[in-house]
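K.L.:
The task is simple: from the sequences and hints, build the whole structure.
Going down the list, the sequences are from chains A and B. In terms of this note's numbering, the first sequence opens at residue 9 and continues consecutively. In terms of this note's numbering, the second sequence opens at residue 230 and continues consecutively.
Quick caveat, the hints were computed from the structure, so don't treat them as lab data. Since we're looking at a predicted model, the values are computed, not measured. Idealized CB from N, CA, C, for every residue including glycine. Accuracy of the hints is not assured; some may be wrong.
With the Cβ distance kept under 10 Å, some of the chain B side facing chain A (calculated, not the full set) [unchecked claim]:
1. Lys267
2. Ala304
3. Asn328
4. Glu440
With a cut-off of at most 25 Å between alpha-carbon atoms, the simulated DSS-like pairs for lysine-lysine come out as follows [unchecked claim]:
5. Lys40/A <-> Lys267/B
6. Lys286/B <-> Lys81/A
7. Lys415/B <-> Lys293/B
8. Lys81/A <-> Lys293/B
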Amino acid sequence: MPSVTMTVNGRAVTGEVEGRTLLSQFLRDDLKLTGTHIGCDTSQCGACTVHVNGAAVKGCTMLALEADGAEVKTIEGMANPDGSLGVIQAAFQEHHGLQCGFCTPGMVMAAADLLAGNANPTEAEIRKHLEGNICRCTGYHNIVKSVQAAAAQLG
Amino acid sequence: MYNFEFVKPSTVAEAVAALASEDAQALGGGQTLIPTMKQRLASPAKLVSLTGIEEMKEIDSDGKVLTIGGGVTHAEVAAGGYGAISELAGNIGDPAVRNRGTIGGSLANNDPSADYPAAVLASNATIVTNNRTIAADDYFEGMFSTALMDGEIIISVQFPVPEAANYQKFEQPASRFALVGVFVAKYPDGVRVAVTGASEGGVFRWTAAEEALSASFSPDALDGLSLDAEGMIEDLHGSPAYRAHLVKVLTARAVAAA
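P.N.:
What follows is the structure, encoded as structure tokens:
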């Protein structure tokens, strides 16, 4: 099988994959980084959102081999080095931005993607940027609040 | 999805050679092809990724012609500030899709509800492939069908820069594809109007509106016109008559906003 090498959350990793192995599968099944969730597996829900070379992508709609040589960041890379919650994660906890939590890894990664390019987004910009992330619990209001709070703290 | 051999060439020539083998398929950003393969609606023996070809990732504008490489992502076009085309690109799918999806992939697929075909047809753009150039009017051959031959790759797309242009999209909120989308582009020699999402035949030009708008570029110029609902798409999101109605509404909005 082809081999793939990438940097995931700062750690160099190598694995053997099939052509059809998805990035989300490689992260979860091979690297055991199960924080990246697979919701719809049809690129609609965004639960599998991770960063590849700094850009948010749907891990279920990218081949692992396409990430060969790339810098990948997953939800596990969002925590502080001491293991405590990072700023965006803590804001979701503080502002009740999650209920069941299934969509949360993708929401946090999408929010981080937004804040990397726009430190002070409006509510409308937040909602537009999270269009590709579906939550069936919260009604989104507290997710938006969480992102606003994180922006204020990071800004 | 069924397994396949994966290759990622770094030049167009290598990609063309790799695509010459039987049952090989080019892979752009994969935002349509990978879901299609998951459903086993496509099962190529070999996928030839075009994402490693640097010569297909360039955007160049000399003020008269905007040239976008076939491997340029929607996010890159959206960030470029190229007027209506950038606005269109910034509303394709969602941010994560835009970070992977490419203009070449969108045009090669020619989904009847995709956004880019409307921009290409309304702009009278030229599709540059590895062995020829194809005028937009000759490129689109109906739903999911184009003039591309097997193994032919879109290297770039050349858009003549318009005097004014605008794209209006009535979004299907679940898929974010266009329920109807209308791109209006005004050039010194006339106005072109291209419609996506509406017709069973894929993207098309609304020539009656083009004539009216070429005579007078204002929303009022469309007053007496109507589009026949015959041949419009019927699905749970909208009837043919509804889509035909939307075409006129969106054309007027595009003219007003251009």
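K.L.:
Run every hint past the structure and note whether it holds.
P.N.:
We went through each hint and held it up to the structure:
no., hint, verdict
1, Lys267, "7 Å, holds"
2, Ala304, "7 Å, holds"
3, Asn328, "4 Å, holds"
4, Glu440, "37 Å, violated"
5, Lys40/A <-> Lys267/B, "23 Å, holds"
6, Lys286/B <-> Lys81/A, "24 Å, holds"
7, Lys415/B <-> Lys293/B, "13 Å, holds"
8, Lys81/A <-> Lys293/B, "40 Å, violated"
When each numbered hint is compared with the structure, violations occur for hints 4 and 8.
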